[in-house]
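Spelled out from the first residue to the last, the chains are:
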Amino acid sequence: MREVIAPLAKMLADKEISSVEITNKYITAIEQDNAKYNAYVSTTFEKALESAKNADEMIAQGSASLLTGIPMTLKDNICSDGDLTTCCSKILEGFKPYYDSTVWSKLKAQGAVMLGKTNMDEFAMGSTSETSCYGAPLNPRNTNHVTGGSSGGGASAVCANLAAYALGSDTGGSVRQPASFCGIVGLKPTYGAVSRYGLIAYGSSLDQIGVLANSVKDTAIVFDTISGVDEHDQTSVDFKFGSTADTLGQKDVKGLKIGIAREYFEGINSEIKDAIMQAVKFYEDNGAQIIDIKLPVLKQALPVYYIIACAEASSNLGRYDGIRYGYRAENFNDVEEMILKTRTQGFGEEVKRRIMLGTYVLSSGYYDAYYKKACLLRENLIADFDEIFNTCDVLIAPTAPNTAFPLNYSGASPVDMYLSDIATVPINITGVPAISIPVDNDSNGLPIGMQIIGKKFSEKLLLDTAYFYEKNAQDKVGNFEGGAVL
Amino acid sequence: MSYQLVCGIETHIELATKTKIFCNCTTQFGGEPNTHCCPVCTGQPGALPVLNKQVIEYAVRAGLAVNCKINNNSHMDRKNYVYPDLPKAYQISQFDEPVCVDGYVELDSGKKIRIERIHIEEDAGKLVHDGGYTYVDYNRGGVPLIEIVSMADISTPQEAKEYAEKLQLIMRNVGVSDCKMQEGSMRCDVNVSIHQPNEPWGTRTEIKNINSLSNIVRAMGLEMERQEDILDAGEKVIQSTMRYDANSDTVYVLRSKENADDYRYFPEPDILRFVISQEKVEEIRNALPELPDAKLKRYINDMNLPENNARLIYKYKNVTEFFDAAVNEGASAGNVLNMILGPIYAALQTEEDKENFDIKTTSKQLADLVKLIDDKKIRANKAKETLSLMLESGKDVTEYIKADDLAGLSDDDLKVLCQGAIDANPKAVEDIKSGKDKAINVMFGYVMKNSRGKADVKKAEAIIRELIG
Chain F
0 MREVIAPLAK
10 MLADKEISSV
20 EITNKYITAI
30 EQDNAKYNAY
40 VSTTFEKALE
50 SAKNADEMIA
60 QGSASLLTGI
70 PMTLKDNICS
80 DGDLTTCCSK
90 ILEGFKPYYD
100 STVWSKLKAQ
110 GAVMLGKTNM
120 DEFAMGSTSE
130 TSCYGAPLNP
140 RNTNHVTGGS
150 SGGGASAVCA
160 NLAAYALGSD
170 TGGSVRQPAS
180 FCGIVGLKPT
190 YGAVSRYGLI
200 AYGSSLDQIG
210 VLANSVKDTA
220 IVFDTISGVD
230 EHDQTSVDFK
240 FGSTADTLGQ
250 KDVKGLKIGI
260 AREYFEGINS
270 EIKDAIMQAV
280 KFYEDNGAQI
290 IDIKLPVLKQ
300 ALPVYYIIAC
310 AEASSNLGRY
320 DGIRYGYRAE
330 NFNDVEEMIL
340 KTRTQGFGEE
350 VKRRIMLGTY
360 VLSSGYYDAY
370 YKKACLLREN
380 LIADFDEIFN
390 TCDVLIAPTA
400 PNTAFPLNYS
410 GASPVDMYLS
420 DIATVPINIT
430 GVPAISIPVD
440 NDSNGLPIGM
450 QIIGKKFSEK
460 LLLDTAYFYE
470 KNAQDKVGNF
480 EGGAVL
Chain X
0 MSYQLVCGIE
10 THIELATKTK
20 IFCNCTTQFG
30 GEPNTHCCPV
40 CTGQPGALPV
50 LNKQVIEYAV
60 RAGLAVNCKI
70 NNNSHMDRKN
80 YVYPDLPKAY
90 QISQFDEPVC
100 VDGYVELDSG
110 KKIRIERIHI
120 EEDAGKLVHD
130 GGYTYVDYNR
140 GGVPLIEIVS
150 MADISTPQEA
160 KEYAEKLQLI
170 MRNVGVSDCK
180 MQEGSMRCDV
190 NVSIHQPNEP
200 WGTRTEIKNI
210 NSLSNIVRAM
220 GLEMERQEDI
230 LDAGEKVIQS
240 TMRYDANSDT
250 VYVLRSKENA
260 DDYRYFPEPD
270 ILRFVISQEK
280 VEEIRNALPE
290 LPDAKLKRYI
300 NDMNLPENNA
310 RLIYKYKNVT
320 EFFDAAVNEG
330 ASAGNVLNMI
340 LGPIYAALQT
350 EEDKENFDIK
360 TTSKQLADLV
370 KLIDDKKIRA
380 NKAKETLSLM
390 LESGKDVTEY
400 IKADDLAGLS
410 DDDLKVLCQG
420 AIDANPKAVE
430 DIKSGKDKAI
440 NVMFGYVMKN
450 SRGKADVKKA
460 EAIIRELIG
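Those protein sequence lines, which keep their order, are chains F and X. Last residue of the first sequence? That's 485 in numbering that gives the first Met the number 0, and every number before it is there in order. Last residue of the second sequence? That's 468 in numbering that gives the first Met the number 0, and every number before it is there in order.
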């Protein structure tokens, strides 16, 4: 895996190169390659060069941090003042927020350079990024295959070296699964570790902003900056992580208790299973203790997820009515007709499907049978995970039951697609953190990701454990050559 | 056919916090449209609500003032519906765990109107209709509200008005709202149904847009009549939302509610559950001011003030504070009250003037003046004149009444004056001797004038009669 941030930061500090020069390199790469991958849906090159200039000043004055002057990208559902932020949906076409998300404020204060916004499933609803109104982003490892979703554009950009790192969002696996499909690192933090203010909401009790990067160290550096309690988000938690990046490499895995839940491996294709178990063996060979655990409630995680996510989404997406922002239908006789037409024309199929599902499970007469029950089951799952982390330090599981689908895969119905989230959704339901790192390629050369899961606020342990593998195990996935490699 | 009324009232009250319930925008009334707004209260994508703690405190205060039990554990819920003045297409409100439950308001008759619940929620924006277009102003969106739901205990329009009036009085007195119906900081939705005695309750309708206390009575009367006509004709009352229009003094159907709205309530995921400790509840309870009805009782029973006079001040927090303070300085309650009802109220014509009670004279200054009356050092008329002057200038009583004005009249001086009265009024003396006793008033007039009001009339009478013989 390739460390990008620290080396760049060193080059900047040593005056070998300026941020403006670095930014220009990325810009050139995007101009050349984005048509191939459709990773970016909007670019902010002028602004980026402005930021790069300011970053160079910060560096000159000695007030730079590791992230100063480093070009990056935001998923198209993360708000930045004055920049197009459309959730890859027609209903938000042309929308430019007039405020910054907290994560972007933090990065901006460090002198980060934003190159543009990246492609995603419309409103983050999907596992392939194909529901984007701008067309699917493509997997740099094999452009006949999807990137995964919903943060597919970010994963594609990072993999193809069109950004040093990306911020994505993960509600049911949307950072980890694309990371797995593209062979890069993806971290979903603990629910509440990173402020959601400015993240356009999909499933409020499940959403978290996550990091996509080419290495564990890069991931840790970005996480250290974006995490922290925020007065604008009452669900954010004041947990003092300390620096997760500074202490990487200080720990080995001797005595680390790794839980393997057989339910996680049911129905997984054998190549993936083997790849994960090989990685697990690596840890065992280095002193970790492997513990067999049972997670029977796991199979209920999918319906619980879809009921809760869709219910919250049906409410969160009510505000898109053409009155204050975004797309507004033409030809209507009254407000009601305007709203009806705007939403009918503005939303894609999958979004409509989930809104209707969510409305149904919350409706009178069905609330108890679906939503309330899902919430109770959620409590069970949380309790089960708490129980497991009494005996294990981390869990290891595949990130996805498959590798990157071919584009327009007609073999999957919407429900089949939902089932592919089995490995990732339990993490969002319980609010714990998880990281996906690439461990091998399948026989088609498509990357396989391994998920390391910990209890709440155990990001440091996850990053340490992932880093140990990255540094000491054989790199069977390799870096993607191309884009802006400095 | 004599129908019986069943009525319950839902009252929305805008809380007088400085900022909105979920963001830092000001709650100030008015302002250019859409200038008291931010991403949160305009429902921008990505914005999140942050609960203003003071709103919870105000709600607890309001609940305690109407004898509610406070829930120590509570949370917010989303109420989903579509309307242009609701930017998120859901209102953050409370469904099954309101902050306050099981209270009551006691009417003068002793009857208690029970309060089922009080919960907190955000207000919506305002629609302005102009020239065929509808405009939305979000300034009001996010202003904190409490919704007070009464049980259907109200039996007459008068009771309804009294209930609303008492709620208004109480909420103003505990300082949670200015409760101005014309400005919309207090809104009453009145639910009305009628039935024959010993029959089940009838179908109810809800009347909205009542903008004054007296219009509550008006609107209810009209709606009861409408329902009576329907039932008399053998038809059924349809559950509807009605609107009262003050200009035309009519009640008409706004929309029928054949099917109840499904708001798909679910717990608000962006706001965590909150705890109101019992300690905090007691702290708020102890800080409650004396409530108006209790104050009235105290004025009538403890201070022996005439009820109709006490009623003229008990509603106004600032007036009663002033009154109580003056009495605490040692001035007699009766005289203080008279001074307030006289010269002070003369300058305060409107309800608002009395609410604000913006006068230059302090309670101590009034007390000093009243003590002179109490000690019989000056007469009431003189005091009233003096008070008028004090109100204008804000100065102490000593500015107008000097020490030697107050020096008493000696018996000798009085005797001299009485003799002077007799000498100056021979005709009156004749009249008195011949039985026309009223003529003695002329003597009194002379004595009072020449003693500058200081003479003791009874003493003077005795002396004059003795001198006349």
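Just so you know, the hints here were simulated from the structure itself, not pulled from any lab data. Treat the numbers as computed from the prediction; the structure is a model and nothing was measured. There may be inaccurate statements among the hints.
Unchecked claim - Here are the simulated DSBU-like pairs of lysine-lysine, each with C-alpha atoms no more than 30 angstroms apart in a straight line: (1) X:K401 with X:K376; (2) F:K371 with X:K68; (3) X:K125 with F:K89.
Going through the hints against the structure:
no.	hint	verdict
1	X:K401 with X:K376	12 angstroms, holds
2	F:K371 with X:K68	27 angstroms, holds
3	X:K125 with F:K89	28 angstroms, holds
Checked against the numbered hints above, the structure violates none of them.
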